[in-house]
Amino acid sequence: MREGPLPVGEIAKRLGLGQPQTSKHLKVLSDAGLVQVQADANRRIYSLRRERFEELERWVQTFTRQQEDRYARLEAYLARTEEAD
Amino acid sequence: MPQVKVIAEPGAHDFTVECVMNGPRERVYRAHVDPEAIPHWWGPSFLTTTVERLEPRKGGIWRFVQRDAQGNEYAFNGVYHECIPSERIIRTWEFEGMPGHVLLETVTFEDTPDGKTLLRSQSVFQSVADRDGMLATGATEAGKDMYERLEEYVGQAR
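These protein sequences, in sequence, are chains A and B. Sequential numbering from 0 applies to the first sequence in numbering that gives the first Met the number 0. Sequential numbering from 0 applies to the second sequence in numbering that gives the first Met the number 0.
In short, the hints are calculated from the structure, not lab data. Predicted, not measured: the structure shown is a model, and the values here were computed from it. Mixed in with the good hints, there may be bad ones.
Reference excerpt, derived from the structure (chain A facing chain B, CB under 7 Å, subset only) [claimed, not checked]:
#, residue
1, L33
2, A40
3, L55
4, T63
5, Q66
6, E67
7, R72
8, E74
9, Y76
10, L77
Glycine is no exception: its CB is placed at the ideal position from the N, C-alpha and C atoms.
Kindly generate the complete structure, drawing on both the sequences and the hints.
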């Protein structure tokens, strides 16, 4: 799905899975908000909800910087107190 | 600056923070269970952290209170399940502003081949929403922290 929307049948073929099994997995991803589905005649076309991935990526990046700050302070504290130990 | 890696899969109940830092693991561990050390590093730098309780043994309680310049308080507490010196800490973790949302944190301390410490902290949440909420809160706070420091820097540089 990274390259673009795909019908369930095509996703199943690429994964080497049965169509019902593939639909079950896609339902979980859809419930988690990671993919969206569009009906096209009798086909169901799935695509990624990129904004959800980007949102998480932004959170993780900023959160990572916060953790870097925290551990930089811990490292600085350890360096300052080294002689006392 | 220590190298930090955050691993958070979309739709999962947990995240892991890995950090390689200078210093032997004995001292990195001790900084986690020493009430004198905690205020130096635990919270974001725009909050002061006070250790009210820190009982690093099975069933022991911890409670840290953070205060901002306006006097607002943010308290955190939990229970230790395991504290193996220089190796591992397992504890629960709750923000008192959101009672009932409790996470389980496992922190491990390992030697790296080049004499540093690999610190790994895994947090498992009750729900994906709780996990995402924690990442987002951290992001907001870190953003505030960054901007305040930028402001400070700009002020000094004038």
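Okay, the hints, checked on the actual structure:
With its C-beta approaching chain B no nearer than about 6 Å, A:L33 sits inside the 7 Å limit, and its interface hint holds. For A:A40, the interface hint is violated, since its Cβ never comes within 7 Å of a Cβ in chain B; the closest pair sits about 30 Å apart. Proximity of A:L55 to chain B holds as hinted, the smallest CB-CB distance being about 5 Å (cut-off 7 Å). Hint on A:T63 holds. Least Cβ distance to chain B is approximately 5 Å, under the 7 Å limit.
The interface hint given for A:Q66 is met, as the beta carbon of that residue sits about 5 Å from the closest beta carbon of chain B, less than 7 Å. For A:E67, the interface hint holds, since its Cβ comes within 7 Å of a Cβ in chain B; the closest pair sits about 5 Å apart. The criterion of a C-beta within 7 Å of any C-beta in chain B is met by A:R72, whose closest approach is roughly 4 Å, and the hint holds. The interface hint given for A:E74 is met, as the beta carbon of that residue sits about 5 Å from the closest beta carbon of chain B, less than 7 Å.
With a cut of 7 Å, the hint placing A:Y76 at the interface with chain B holds, because the nearest CB-to-CB distance is about 4 Å. Against a cut-off of 7 Å between C-beta atoms, the interface hint on A:L77 holds, since the closest Cβ of chain B lies about 4 Å away.
The structure fails to meet hint 2 from the earlier list, while all remaining hints are met.
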